[in-house]
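Peer 1: Chain by chain, the residues run as shown.
Protein chains: 2
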Amino acid sequence: MMLEQEIKIPASPAASYRIKIGTDILGSLWPQIEADFGKYSKFVVTDENVVSAGHLKKLLGQRDVPTFVISPAGETSKNIDTAISIIETMEQAYLGRDTLVVALGGGMVGDIAGFAAAVFKRGVPVIQIPTTTVAQADSSVGGKTGVDSSLSKNAFGVFWHPAAVYIDVATLATLDDRQFRAGLVESVKHAIVADSEYFDFLESNLDTVLERKPDVLEKVAHWNCKIKGNIVETDPGEQNFRRILNYGHTIGHAVEAASGFGLLHGEAVAIGIIAAGLIEIELQLAGPGGLERIRRILEKLNVPVTLPDDLADKDLIDLIKRDKKAVNKWPRFVLITEIGKVYRRNEQYAVEVAPDVVEKILDRL
Amino acid sequence: MMLEQEIKIPASPAASYRIKIGTDILGSLWPQIEADFGKYSKFVVTDENVVSAGHLKKLLGQRDVPTFVISPAGETSKNIDTAISIIETMEQAYLGRDTLVVALGGGMVGDIAGFAAAVFKRGVPVIQIPTTTVAQADSSVGGKTGVDSSLSKNAFGVFWHPAAVYIDVATLATLDDRQFRAGLVESVKHAIVADSEYFDFLESNLDTVLERKPDVLEKVAHWNCKIKGNIVETDPGEQNFRRILNYGHTIGHAVEAASGFGLLHGEAVAIGIIAAGLIEIELQLAGPGGLERIRRILEKLNVPVTLPDDLADKDLIDLIKRDKKAVNKWPRFVLITEIGKVYRRNEQYAVEVAPDVVEKILDRL
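From first to last, the protein sequence lines are chains D and Z.
Heads up: the first sequence begins at 0 in numbering that gives the first Met the number 0, then just goes up one per residue.
Heads up: the second sequence begins at 0 in numbering that gives the first Met the number 0, then just goes up one per residue.
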C-alpha cells in the first residue's frame, strides 16, 4: 500500500517597495518611518563608523530605539557570529515578530541586518538606509542578504526584499575616499552590463562624481536603482538574467577572500572586471576597445586593475571553486561582447569558461 | 529634490509537493530520489540515533553520499552551532547551489536540515524523510524550519517548503517508547483543533497504534498529512489560520525550555494542551467534558499532564514572553470551544489571554 497526499503551496502575490533618493533627508526620516511602519517595534542595526560619522544620531535624534552597533566596522564583521549576536540582542529586548529592522550603513550592515531580519523568528521586515556608494548603488536594492562562514563569503543567506529603501546622498560626504571610490565600481559594473549610455555619463561626469556634488550623486543613485531594479524585477530569484550583476564577481570574490579582506569588495571586483575582460578577449568574444575604456575609468577611480603580488594563483583557483554559484564544482562566468551587452550562450547569461583559460588569465592579471 | 523608484517583486507561482506514505519503503527510496532529483548533488543530514537504528544504511545501501551525522541526537543539538557545522561541511564538500539536502530523522533533524538548506548560499531544496511519530505527524510537512539560540527555541528560522516528503512507518518500529508516545501528542493536537472524527478514531484505535501496527500507523500518518496540509495550504505563511497548529505550544514551548530540554517536545506540548484546556474553562469558553477526554487520551499515551515540581512559574512567564509569536511582548493563545472547533475572536484564531489568567492556570497545573 502506498498512500499519497499532495500539498499545494499557493502563489504569493506580487509586491513592491519604494526607493526614495534625496540629499540631507536623514534628519527627517524617522517620522516618515513611524508613519509608514507604525505598528512595528523598531530595531536599528548599524556599525561604529556610521555612529562616528554622526548618521545614527541624525536618524534617531533623542529617540530611544534599541540598536545594535557592529564593531569593528568592515567586512571582517560580516559573519554568522555577528548575525547571532544581533538575533540574541533582539531576543534580550523582548522583540517579537512585530519588529521592523532598520539597517543604517554600508553593504556589510545591510547584508547582515537583512539576513538577521530574514531569519529572526522566521522573518520580520527590514528597511535599508544605505550610507556608502556600494550600498546605495547595489546591495540595498534587490533583496540579497548574506553573511560569511569561516570558509567563504555569503555561505549563509536568503532572498529577503526590503520593505523600503531610503538613500541620502549627503551621507556620502563623510565617507573615506577609498570606500567612496571602491563603491563606485558597482556603478561602473551596472553600466558595463546594462547601459552604455550610463557608461558614457560616468566617463563624462567622473570628476564631478569624485567631488561628491549632490546633484550628480543623486543622478548616479537613481540610474543605479533603475538598472538594478529592472534586472531584479525580471529575475528576482537569480535563475538566469540577474546573474549579469555578478559580472566581475566570480574572480572578484575569490580575490577578496584571498586578500584576507585586505582589499575592499569594490577593489576586488575591479580586478575581477579586468579578468572578465581578458577572458572575453582570449575567447574572442570582444575586441580590446571596451576593456581599454573600462580600465581607464577604473584607473581614474584609483582602484587596483592588476592582481597584487601576494595573492598566489593556486589559492584563487581553490577559492573560485567555492563560489556559491558553482554548478558541478566550477562556477560560470558573466561575460560581455561590448559595453552594455552581456554575452549569452544557450540562453544562459552565466557561461562556462574552461579552468585552464581562467588560470592563464590569472597569470596575466 | 526627491527622486523615487518603485521596485516590483513579481508574484511567485503556485507550487506543490508530494507526500508518499508506505511501510518498508526506505530501502527502495534512493533510486526514486535519483529519478526525481537527478540533476542535484545529494547531501544527507541525519543523527546518530538514526544511524544506530540502521535507517541510514537502509536508505543509502553501498552508495557513497556526503553525510552529516548530528551528535548527540535530541533537542540539545537543535541550535545554530549545529546548523553552522552542517553548512561548513557542505562547503568543505564543494557543494554548490545544485545541492539537494536529504533530511533523514526526527523533527530535530528536519528542522535543522531544512534551515541549513534554506540559508545555504541563499537556498537549496530539501526533502524530508521523517522517522519519528512527531516528524511524520507534524514537522516534516508545512515548511517551517528553525534552530534555537542560546536564549530561546526557533529564534532562527525561515519558511522553506520541502520538495518532497517520504514517510516510511516501518521506521517507527525501532523508535524508543517514550519518543513514540510523545510524538503522538501532535496527532492528538491535530484532532483537537481540526477534526473530532479523527479524535474519535484515535480514542478507539489507540491500543493498535501503541502496538505499532503498520496499517493503522499509515492511516494516522495520512490523516495527519491531510489535516496539516489543508491548514498549510490555506495559510502557508502563518498569518492567522495556521496558528491553530500552535495549540498547546505557547505554554508548551516555555515548559520545554524551562525543563532544560529534559522534557521531550511532545511531553511539554501535552502539558501545554492541558493548560490551554484549563484556560478555556476559566474563561468559560468550553465545558470540562472535552478536556476530560483529552486528559484521558494523553494519560493513556503516558505523557505528563501536570507541571513537574521543579519548574518555577516565574521562569515560565519570562519564557512565555520570549515566544516568537509575541505581539506587544505577550503572546496570543489558541483555544477551542469543543474538540475540533477553534475559538475565534475578531476573526483571529490566536487570541489575547490576560497574564494573570495564565499565571493562575500555571499555579493550578
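Calculated directly from the structure, the hints in this document are not laboratory data.
Heads up, some of the hints might be wrong.
Across the chosen pairs, the derived CB separations fall in these ranges [stated by the list, open to error]:
1) D:G236 with Z:G259: 51 to 61 Å
2) Z:G73 with D:D176: 51 to 61 Å
3) D:A353 with Z:S51: 39 to 49 Å
4) Z:S203 with D:L2: 43 to 53 Å
Computed cross-link-like contacts, DSSO-like style, restricted to lysine-lysine with a CA-CA straight-line distance of at most 27 Å [unchecked claim]:
5) D:K7 with Z:K38
6) Z:K218 with D:K41
7) Z:K19 with D:K340
8) Z:K218 with D:K320
9) Z:K7 with D:K41
10) Z:K41 with D:K320
11) Z:K320 with D:K225
12) D:K7 with Z:K320
Non-contacting residues of chain D with respect to chain Z, defined by C-beta distances greater than 10 Å in every case (computed) [said to hold, decoys possible]:
13) I8
14) G37
15) A72
16) G142
17) T144
18) V157
19) F200
20) E202
21) K212
22) A220
23) E281
24) R344
25) R363
All C-beta atoms in this analysis are idealised placements derived from N, C-alpha and C, irrespective of residue type, glycine included.
Peer 1: Taking the hints in turn, state whether each one holds.
Peer 2: Now the hints, each set against the structure:
no.	hint	result
1	D:G236 with Z:G259: 51 to 61 Å	violated, 40 Å
2	Z:G73 with D:D176: 51 to 61 Å	holds, 54 Å
3	D:A353 with Z:S51: 39 to 49 Å	holds, 46 Å
4	Z:S203 with D:L2: 43 to 53 Å	violated, 20 Å
5	D:K7 with Z:K38	holds, 23 Å
6	Z:K218 with D:K41	violated, 47 Å
7	Z:K19 with D:K340	violated, 47 Å
8	Z:K218 with D:K320	violated, 47 Å
9	Z:K7 with D:K41	holds, 25 Å
10	Z:K41 with D:K320	holds, 18 Å
11	Z:K320 with D:K225	violated, 43 Å
12	D:K7 with Z:K320	violated, 33 Å
13	I8	violated, 5 Å
14	G37	holds, 13 Å
15	A72	holds, 23 Å
16	G142	violated, 8 Å
17	T144	violated, 8 Å
18	V157	violated, 6 Å
19	F200	holds, 15 Å
20	E202	holds, 22 Å
21	K212	holds, 13 Å
22	A220	violated, 7 Å
23	E281	holds, 25 Å
24	R344	holds, 18 Å
25	R363	holds, 26 Å
Consistency with the previously given hints fails for numbers 1, 4, 6, 7, 8, 11, 12, 13, 16, 17, 18 and 22, ordered from lowest to highest.
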